[in-house]
Amino acid sequence: MTAWWQTAKSNPVFRLVVAIAVLCIFVDQATKLWILHGLQLPERPFGHIDISPIFDLSYVENRGVSFGLLAGGMVSRVALSLLAIGVSAYIFKWAGTLDRRVAGIAGGLIAGGALGNVIDRISYGYVVDFIDVSALKFPWIFNVADTAINLGVACLIYDALFVAPKQAQAEKSPENNSVSFSEAEAEPRPSKLTNS
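Residues in the sequence shown are numbered consecutively from 0, following numbering that gives the first Met the number 0.
The reader is advised that the hints may include incorrect statements.
What the hints assert, rightly or not - Label pairs and their calculated CB-CB ranges:
| id | residue 1 | residue 2 | range |
| --- | --- | --- | --- |
| 1 | Asp49 | Phe91 | 37 to 47 Å |
| 2 | Leu32 | Ser9 | 32 to 42 Å |
| 3 | His47 | Ser9 | 44 to 54 Å |
| 4 | Pro173 | Ala88 | 33 to 43 Å |
In short, the hints are calculated from the structure, not lab data. All C-beta atoms, glycine included, are put in the ideal place defined by N, C-alpha and C.
The task is simple: from the sequences and hints, build the whole structure.
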């Protein structure tokens, strides 16, 4: 653990992951507190406010995962919370030696979003959802944490398809794996033994 931390704390990508995760949690929780206490939604817990032709605010208590999927009771909420914490812990551990910025952005978004929803489940027993774009034929209500998770997955796919293969190819290139002619010439050559 000590060796990992010594590597991680000096890794700029790890610091990026932590910074993005903290920012996601802050924005997610701030918007949820605004919905719960700062905005007077009518007829809670299913209040609705029209904002624009494509975007509204609709308060929903989500007891499942993103977009209300896999809703269940106490056991389900505990299992989902433990899973989110475990995934986030793995992301932080993985990021300790990570050297790809896009993958770091992905990890920070996913971990921050997952932990943001965990805070809801611990605090309220459900996740606060309020972003409504059903006018665009998207039927689910979601929140900032869900958005972060899905953006993170998109970044992770992009990294896996484009960034990681390009980096691997660059590392296998002859320029990185062969000794240059000048370096080879600079190496001392063993002297020949002669019989006297």
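How the hints compare with the structure:
no. : hint                         : in the structure
1   : Asp49 <-> Phe91: 37 to 47 Å  : holds (40 Å)
2   : Leu32 <-> Ser9: 32 to 42 Å   : holds (35 Å)
3   : His47 <-> Ser9: 44 to 54 Å   : holds (49 Å)
4   : Pro173 <-> Ala88: 33 to 43 Å : holds (39 Å)
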